[in-house]
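Engineer: Protein chains in written order, with the UniProt record's numbering: chain A, 1 to 437; chain B, 1 to 292.
For the record, the hints were derived by calculation from the structure and aren't laboratory data.
Coverage of chain A stretches by chain B, computed from C-beta distances (three or more under 8 Å per stretch; other residues unrestricted):
| # | segment |
| --- | --- |
| 1 | 71 to 78 |
| 2 | 89 to 100 |
| 3 | 400 to 408 |
The beta-carbon is built from N, C-alpha and C at its ideal position, and this holds for glycine as well.
Here is how the chains run, residue by residue.
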Amino acid sequence: MNHMITASAVALIASLSAANAQTEVQWWHAMGGELGVKLEEIVKGFNDSQEDFKVVPSYKGTYPETMTAAIAAFRAKEQPAIVQVFEVGTGTMMAAKGAIVPVYQLMQDQGANFDPAAFLPQVVGYYTDTDGNMLSMPFNSSTPILYYNKSVFEKAGLDPEQPPKTWAEMEEFSKKIIDSGAASCGFTTGWISWIQTENFSAWHNQPIGTMENGFGGLDARLSVNGPAQVKHWGNLKKWADDGIFKYGGPVGGDNAPPMFYSQECAMIMNSSASRAGVIANAKDFDLGFGMLPYYDDIEGAPQNSIIGGATLWVLSGRPDEEYAGAAKFFEYLSSPEVQADWASFSGYLPITQAAADQMQGFFDENPGADTGIKQITLNAPTENSKGLRFGNYVQIRGIIDEEFEQLLSGSKDAQGALDSVVERGNKLIEEFQAQNQ
Amino acid sequence: MKRTIFSNQLLPWLLLAPQLAITFIFFLWPAGQAIRQSFLREDAFGINSSFVGLANFRALLDSPEYLNSLQVTAIFAVSVTVMSMGVALLLAIAVDRMLKSARVYTTLLVWPYAVAPAVAGILWWFIFNPTIGVMPYVLDMVGYDWNHISSKTDAMLLVVIASAWKQISYNFLFFVAGLQAIPASMREAAAIDGAGPVRRFFDITFPLLSPTTFFLLVVNIVYAMFDTFAVIDATTEGGPAQATNIMVYKVYFDGFVGQNIGSSAAQSVFLMAIVITLTIIQFRWVEKKVEY
Numbered sequence: 001m002n003h004m005i006t007a008s009a010v011a012l013i014a015s016l017s018a019a020n021a022q023t024e025v026q027w028w029h030a031m032g033g034e035l036g037v038k039l040e041e042i043v044k045g046f047n048d049s050q051e052d053f054k055v056v057p058s059y060k061g062t063y064p065e066t067m068t069a070a071i072a073a074f075r076a077k078e079q080p081a082i083v084q085v086f087e088v089g090t091g092t093m094m095a096a097k098g099a100i101v102p103v104y105q106l107m108q109d110q111g112a113n114f115d116p117a118a119f120l121p122q123v124v125g126y127y128t129d130t131d132g133n134m135l136s137m138p139f140n141s142s143t144p145i146l147y148y149n150k151s152v153f154e155k156a157g158l159d160p161e162q163p164p165k166t167w168a169e170m171e172e173f174s175k176k177i178i179d180s181g182a183a184s185c186g187f188t189t190g191w192i193s194w195i196q197t198e199n200f201s202a203w204h205n206q207p208i209g210t211m212e213n214g215f216g217g218l219d220a221r222l223s224v225n226g227p228a229q230v231k232h233w234g235n236l237k238k239w240a241d242d243g244i245f246k247y248g249g250p251v252g253g254d255n256a257p258p259m260f261y262s263q264e265c266a267m268i269m270n271s272s273a274s275r276a277g278v279i280a281n282a283k284d285f286d287l288g289f290g291m292l293p294y295y296d297d298i299e300g301a302p303q304n305s306i307i308g309g310a311t312l313w314v315l316s317g318r319p320d321e322e323y324a325g326a327a328k329f330f331e332y333l334s335s336p337e338v339q340a341d342w343a344s345f346s347g348y349l350p351i352t353q354a355a356a357d358q359m360q361g362f363f364d365e366n367p368g369a370d371t372g373i374k375q376i377t378l379n380a381p382t383e384n385s386k387g388l389r390f391g392n393y394v395q396i397r398g399i400i401d402e403e404f405e406q407l408l409s410g411s412k413d414a415q416g417a418l419d420s421v422v423e424r425g426n427k428l429i430e431e432f433q434a435q436n437q
Numbered sequence: 001m002k003r004t005i006f007s008n009q010l011l012p013w014l015l016l017a018p019q020l021a022i023t024f025i026f027f028l029w030p031a032g033q034a035i036r037q038s039f040l041r042e043d044a045f046g047i048n049s050s051f052v053g054l055a056n057f058r059a060l061l062d063s064p065e066y067l068n069s070l071q072v073t074a075i076f077a078v079s080v081t082v083m084s085m086g087v088a089l090l091l092a093i094a095v096d097r098m099l100k101s102a103r104v105y106t107t108l109l110v111w112p113y114a115v116a117p118a119v120a121g122i123l124w125w126f127i128f129n130p131t132i133g134v135m136p137y138v139l140d141m142v143g144y145d146w147n148h149i150s151s152k153t154d155a156m157l158l159v160v161i162a163s164a165w166k167q168i169s170y171n172f173l174f175f176v177a178g179l180q181a182i183p184a185s186m187r188e189a190a191a192i193d194g195a196g197p198v199r200r201f202f203d204i205t206f207p208l209l210s211p212t213t214f215f216l217l218v219v220n221i222v223y224a225m226f227d228t229f230a231v232i233d234a235t236t237e238g239g240p241a242q243a244t245n246i247m248v249y250k251v252y253f254d255g256f257v258g259q260n261i262g263s264s265a266a267q268s269v270f271l272m273a274i275v276i277t278l279t280i281i282q283f284r285w286v287e288k289k290v291e292y
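Input sequences plus hints: build the corresponding full structure.
Structural biologist: Take a look at the structure:
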């Protein structure tokens, strides 16, 4: 009897030390619901594929909550090795030089299998420094596209296979739709900031800020009050007054999708990653996909759209073994199989060319699923269409929403509203610069 | 009042220790931290930190958004206080006149107080939701296009209603107690003298109720300014265009979402000053000058 206890105790200790030999790598993320379940499946795939490391994912709430939690943890020296940060947090993370380990450096230090050329420049460009070094690992990237209601188009006497290509057509089609009574509003949109301001600018090859949209350094300032943006915001206000366009609210525009689902609005511009959600809700009508509209009188349009979503940042100050684990995990994560599986499931963009090639079969079977990737790869990115990088950008996005609301309520015109965005935004950018120097 | 004399000098401190520890850990220490942070300029991760004197305070006073927040807070606090106390007083008077069913009504009216602010916010957000809510549908029939997502007035009304509704129960309880403490003989005497119900209310009931009213006034202003965070967060998130961005919400947003800790700390120092002022008013003025 005693022997048995001793034996089982020895076995227990042995199994414990085996478990201890496995290095745990904490990953804080912001993927709830179905995406969170899929994420855990990916992590399980990695954990089962080798024995040295165990990635432990923890859901920390929304993007801002996750970022705040990671920063607070860093201040308390309890930070995770990997944290998922949304694209507008990039400026803040990048500037925190002592707090992060750039991904290219991590992969180099750990001798990991890492070829920067394998990644899609349109996706990773947003997260590289001016020398082209990748700072964080793209995980879920998307781009805004146009969704339209084919049934309403048909009722209005429009060709259901032809989504509007230009903003002039957008207006013309919307008027036809409203006049024929097929729907009571032409279009709505999510994300005034991301879609109708940032992506609008990239799509028309117009700058948002100086010094390559902020990629050049902390001295960069906003310059989003150019003629193209003023023209577009002015039109949106006019179309809102005419009932052609309906505003879906600040930030992501939570009220926009219901207006599209209920067939009140015939078209919506929203993230390519909401594809699955849109399909699930578009039960009573046929759904079409198109690229974002452009103004054909603006030179350089259409250029390419930019991405949104989040990337994985590696925080400094963890034991070295954890970095070895993080590097291994990133290798696994960027493999074509994992990428293709994740992208097909979620509607996010694949981050490597190999993954995009592997998804060809999926794209053939699911018409419209490749709209996003076609749109970001339409042209080689210019300094205006690579992305943007400013500090305090979460608040600047809030300012964009507020000034757009001032425009809609009639208290400012388009020029005045965008001038205020620049003026108020630059104050925050100056503050950020002062904090980080 | 009888004074209790402790023979042992240590014992009273020992008895006080738990409370003192809580006060220190949860009030004094964080308050000290806030004051320290308000003089610093720091990046989000706390890597670079420099002393900037009063720069954070000066920036706030120069900022139109902060001045707007002050104004919004004032309008909000006064509206919530007037609305919740007004409705509560009406209900209390109504209950005071009842003989048999008063107890049942009192119990029912107290229920909303048990609802968490975030839940109250969500409830009213549903009722007033422009797309799926009941109220916009009803208002549309009388020709009002309710939309708290784009209209500043509608947004303010929504947060005022949601916050006031929750506080009515609390005020109601105090008013009922206050009314019951007023001797019926005084009102009866006035009635015999020929005073009507309105006159009786303004000449007898309301003045005698003033200690309760003053107490509730301070409590309600404090409630509206500091306890309504969850209501704002669950409904408007300070929007549209900062129309409902009350000071407490702005502290949270600038500090936790915007990662601007210096400015956020300076704002909490201002808030601290307001709380201290209100507390002094309550203790020095309301509790002493108003006779119970």
